[in-house]
Amino acid sequence: MNGQLIHLIGVSGTGMGALAGLLLEKGFKVQGSDTAFYPPIGPFLRSIGVRLFEGYSPSNLEPRPDLVIIGNVIRRDNPEARAVMRLGLPYLSFPDALREFWLKERDVIAICGTHGKTTTTSLCVSALKDKRPGYLVGGILKDTGKGFSQGEPPWFVIEGDEYDTAFFDKTPKFLHYDPRYVVLTSVEFDHADIYPDLEAVKRVFRKLVASMPPTGIIAACMDGGCVEEVLDQAPCKVVTYGTGPSSLYRLDGVEIDGDLTLFRFTARGKHVEGKIRLPGRHNALNALGVYALLREIGLDHSEILRGLRECQGVKRRQEVVAEANGITVIDDFAHHPTAVRETLSALRMRYGPGRRLIVAFEPRTNTSRRSVFQDAYPKALSQGDLVLVRDVPDPEKAPEGDRFSSSRLVEALKALGTSAVLFKDGREIFDFLCQEMEEGDLVVVMSNGGFEGLVGSLADYLRT
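Quick note on numbering: the sequence shown equals residues 78 to 541 in the numbering used here.
A couple of the hints might just be wrong.
Unchecked claim - With a straight-line Cα cutoff of 25 Å, these simulated PhoX-like cross-link-like pairs (lysine-lysine) come out:
{"hint": "1", "residue 1": "K491", "residue 2": "K501"}
{"hint": "2", "residue 1": "K279", "residue 2": "K106"}
{"hint": "3", "residue 1": "K103", "residue 2": "K223"}
FYI, nobody ran anything at the bench for these hints, they're computed from the structure. Since this is a predicted model, take the numbers as computed values, not measurements.
Produce the complete structure using the sequences and hints provided.
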């Protein structure tokens with residue numbers, strides 16, 4: 078094993094980047110290719126010694142690697158992937174590599190759902206930290222400075238994604254992980270590029286539930302869209318959490334306590350109080366889901382609450398990147414309308430109503446580029462005082478006739494009474510903000526990509 082070379086195609090994705098780190102920990106030589114290497118994953122990969130190739134080319138496969146791992150963003154016509162097939166090189170998908178090298182020997186806790194997976198995974202890792210779990214998360218944990226660890230048996234915590242596995246395997250990634258335990262945060266429509274409707278999304282979650290072992294446990298959020306509808310075939314124990322009276326673990330109240338969020342809940346009839354460093358009702362629910370699962374497994378109550386309180390969260394999730402002259406800049410990954418709404422609500426709770434909330438929004442996911450959420454985004458974003466909307470990047474990636482319109486979003490926001498402005502790109506937004514920002518402003522940048530370096534540019538500007 079030591080010294081074997083593994084090449085990752087599509088290495089700068091959050092999950093693939095974390096996998097590269099895990100492989101290094103296991104003693105492999107690791108290299109990878111991608112079109113670009115955005116922060117925080119790109120610089121992190123360089124810092125840990127992963128050799129990176131910008132662009133895809135058969136020449137990246139020289140000398141021949143012992144194994145190639147192909148990410149789910151890679152298409153069948155990718156020149157590097159085609160070379161792998163032509164040369165007959167051994168290859169695996171991202172989920173199969175995880176199962177082969179780590180998961181098949183562990184008790185796997187999978188954090189699944191449309192929203193909140195990354196943050197909830199970080200909370201679970203922190204709550205289990207005295208047990209030294211292995212973990213892989215789609216982001217960089219502030220607690221550890223990385224998104225992965227081999228840890229020690231038996232525990233492995235993983236973010237379980239419903240997106241498809243690879244161009245050669247269209248099953249959802251989470252079906253490869255064989256989890257014994259699951260936190261199910263939500264089931265809503267997403268990933269319009271692979272799922273035609275909500276029923277298709279519900280079908281794959283039903284498959285996940287049905288695949289659970291009889292000794293398993295599912296902690297299911299009753300506030301999470303269609304979660305209840307996918308549980309009927311569960312062969313294992315299901316415990317519920319949420320705000321409703323029927324939940325076994327019921328969230329009773331959330332309030333700000335200095336820099337902490339205080340949440341009160343009832344756990345199987347017992348009143349409990351916990352604190353987390355992450356703002357918002359949705360994060361209190363995420364913490365409650367972790368608490369419910371780990372208590373049902375049998376972990377110590379105080380140990381769980383301490384771990385939840387100490388969790389710092391994940392980079393690019395409500396991350397404060399700069400504060401100067403009374404202006405705060407926050408980087409956030411939210412892109413689904415529900416996530417956008419909950420994030421802005423959490424920031425209003427955390428910072429209070431007295432600060433002007435400026436939102437810079439980039440609709441760049443495969444779903445955001447499509448028209449499916451055209452009518453949902455205005456209400457979600459209307460919590461902002463001023464919304465700066467970027468034109469859709471690479472609109473041709475969505476089918477003609479099913480494309481999201483940024484200009485329609487701006488007009489809809491104005492109709493709701495929210496100030497909104499359309500921009501060509503992130504550079505135009507930066508120039509505008511340099512003139513517009515003033516003391517007391519809270520500037521939130523929402524994108525799952527680079528946004529032309531907008532976050533870094535704003536941080537640099539405030540520091541000068």
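Results for each hint:
{"no.": "1", "hint": "K491 - K501", "verdict": "18 Å, holds"}
{"no.": "2", "hint": "K279 - K106", "verdict": "39 Å, violated"}
{"no.": "3", "hint": "K103 - K223", "verdict": "15 Å, holds"}
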